[in-house]
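Undergrad: Chain residues, written in single-letter form:
There are 2 protein chains.
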Amino acid sequence: MRDQRSECPIAYGLDFFGDKWSLLIVRDIAIYGRRRYGQFEAAGEGIATNILASRLKQLVEDGIIEKLRDPEHGSKRIYRLTPKGIDLLPIVVEIIIWSAKHDPDSPVTRGYLHRARRDRDGLLEEMRRNATA
Amino acid sequence: MRDQRSECPIAYGLDFFGDKWSLLIVRDIAIYGRRRYGQFEAAGEGIATNILASRLKQLVEDGIIEKLRDPEHGSKRIYRLTPKGIDLLPIVVEIIIWSAKHDPDSPVTRGYLHRARRDRDGLLEEMRRNATA
DNA sequence: GCTAACAGCTTGCAAAATGCAAGTACTTAT
DNA sequence: ATAAGTACTTGCATTTTGCAAGCTGTTAGC
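Taken in sequence, the protein lines are chains A and B.
Position in the first sequence counted from 1, then plus 5, gives you the working numbering.
Position in the second sequence counted from 1, then plus 5, gives you the working numbering.
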């Protein structure tokens, strides 16, 4: 358990994912289907390898993702979201909605936004299925 | 406009509020009704004064909060959420829900969680009204 | 009008975090 | 046996954060 800053639930949550990279890793797994170290590294966000390794380790320790060995390739490691990590998806969706509204160049489609508002539970359910596929 | 890390909407949003302190400031204004520098400082989270000043300045520059002079007290500054900042409230609510689920000592009440799920729009509307009172 | 207190910062510097670039260890492919 | 793939670790430079003291503008009290 992290040292707690305060008893506020927002501060509590931000102690887990209040840095930039943690939610981007969750995004990579949940939205882009990336599962391996090299894929995170190659995601194009410019993360340093020591920071990536450090964040993956922290997210595993926090129970947000899990690290498995690829049975077919001994060198490869597979990262997956745990249920605790999957519970971050509503936060990810709200960030997408916020950015779509405030980024004039946002690539988010009208269809996605429509679905996020009208069928939010359905969208989240589909994301959960994709994240555990 | 910040230097953009990538075109991903999550990365875009996190460039605005991906550090710990920014969302805590939004929380202080929206949930605790704090509006002044001294109240943010005294919120008990341990923020350094130079960081607080720097974050407030950045949030103003980003259009998330606005800074007004108290007409009745020339030294005082009043910070308020802009519409862009108010649009962060759904993210704040999702963080509260996540923390309530995963923090065994969470102070979040069952009533709050019930409302967040069954009357999410109503809760958000009430928060918006409180944030602009 | 002067002084103290209030309010909101700024500054210099130390500590911590982040990132660069090279290197390491284990595994697989040839 | 060697080269390549994969996932890191390491040393060090750079950047960010935070501490503590101090500064500037305004108000309150006398």
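In case anyone wonders, no lab produced these hints; they're calculated from the structure.
Because the structure is a prediction, the values reported are computed rather than measured.
Check the hints yourself; a few may be wrong.
Repeated chains share a single entry, so a pair holds when one copy, or any two copies, can fit it.
Below are the DSS-like pairs computed for lysine-lysine, each with C-alpha atoms no more than 27 Å apart in a straight line [to be verified]: (1) 81 / 106; (2) 62 / 106; (3) 62 / 72; (4) 72 / 106.
Undergrad: If you check each hint against the structure, which ones fail?
TA: Hint 1 contradicted; others consistent.
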